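Q: Take a look at the letters that make up each chain.
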Amino acid sequence: MNFANIRLNIENNPRCTLGCPLCKRTTYFDLNNTKIVPGIDLSLKDFKKCLDFFKGGITFCGQLSDPIFNKDFIEILKMCNDNKVDTKVNTAATGRKENWYKSAFSANPNAEWTFGIDGPPYLSHKYRKNQNGEFLFEMMMLGKEMGLRVYWQYIVFDYNEKYLEDCKKYSKNLQIPMIVIYSQRDKTGKGDFTYE
Amino acid sequence: MNNKLEKYKSELTFPDKDKNELKPKCIYNNQQLTLSSMGYFAPCCWVDDELYRNQKWVKTLFKEHLKLQNNEKVEDIFKSKEWTDFYKMLKNNPKDAPPVCYKFCSKGVVTDKETKNGIIKTVIKH
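Quick mapping for you: the protein sequence lines, in order, are chains A and B.
So for the first sequence, the numbering used here puts the first residue at 31; every next one is plus one.
So for the second sequence, the numbering used here puts the first residue at 773; every next one is plus one.
Calculated from the structure, these hints are not laboratory results.
These figures come from a predicted structure and were not determined experimentally.
Some hints here could point you the wrong way.
What the hints assert, rightly or not - A few chain B residues that face chain A, going by a derived Cβ cut-off under 7 Å, partial list only:
| no. | residue |
| --- | --- |
| 1 | 806 |
| 2 | 807 |
| 3 | 808 |
| 4 | 809 |
| 5 | 810 |
| 6 | 817 |
| 7 | 821 |
| 8 | 822 |
| 9 | 840 |
| 10 | 846 |
| 11 | 850 |
| 12 | 859 |
| 13 | 892 |
Ideal Cβ positions, reconstructed from N, Cα and C, are used throughout, including at glycine.
Turn these sequences into a full structure, and let the hints guide you.
A: Okay, here's the thing in structure tokens:
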């Protein structure tokens, strides 16, 4: 197998501020009776090894964490930009300040960011527990204003289904493409996201 | 199945290998490789999961010497016996593949993507 041309998806740290019920992180906590996911922040030295090898692009999409919490993430984004690596970031957590996003967007203006906001921003926390959806929406808008390619990812649940068409129209007006996800995982009955 | 795992029954239900053909996305569909915060590469995000990490073949990829921190070059990891054997098995002896591979990469298991009026609709069937 030639792995060099395959896209690499990096989990760059073990932290997240959210508690999404269907996330692998929640499963990990549940099965291990813990509130800590093991792991370390990806170091610049180890990231350089990845940059030297992978030529198919890099995605930062945490399976158990959110990429924005890596302590060197802005420098990592800059390294991607300097090396002309196709860069994608998937994020849903909040906890960073606006200035941090400005720095991150400036560090790599060619990166593509996808924001997980499941429903109208004020309701997204129904699934994305602890998320400040309105703030994250503003950061998505900021990214758009700063010239980055940004996407609004919307996972359809019972509580947000009736808002989907309005949100689609809204995203079209904002000229922010929407990614609508219908996942069968929400049929497992583990989560209760019914809009009250 | 203990009480805790009972909750994950649907995730721990696997397709019958005799009735399903394996078509690994990591070989045929440009599936992204993953690097975890533990420093391990995996062929996809599905195998590096608390529920599946201990399955035969999968656990061999999470040995200490395969950690990124323990290698000067990424290629040394992919040249390892563990990684080459894993792909040999997928290509030449797919019936021996771990159940998680059949769960996400049986022929009928697909992720449909459709773009219409600027909206990207994704249906994840798993």
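Q: Indicate, hint by hint, whether the structure satisfies it.
A: For each hint, the structure was consulted:
{"no.": "1", "hint": "806", "verdict": "holds (5 Å)"}
{"no.": "2", "hint": "807", "verdict": "holds (5 Å)"}
{"no.": "3", "hint": "808", "verdict": "holds (5 Å)"}
{"no.": "4", "hint": "809", "verdict": "holds (3 Å)"}
{"no.": "5", "hint": "810", "verdict": "holds (5 Å)"}
{"no.": "6", "hint": "817", "verdict": "holds (5 Å)"}
{"no.": "7", "hint": "821", "verdict": "holds (6 Å)"}
{"no.": "8", "hint": "822", "verdict": "holds (5 Å)"}
{"no.": "9", "hint": "840", "verdict": "holds (5 Å)"}
{"no.": "10", "hint": "846", "verdict": "holds (4 Å)"}
{"no.": "11", "hint": "850", "verdict": "holds (5 Å)"}
{"no.": "12", "hint": "859", "verdict": "holds (5 Å)"}
{"no.": "13", "hint": "892", "verdict": "holds (5 Å)"}
Violation of the numbered hints given earlier is absent; every hint is satisfied by the structure.
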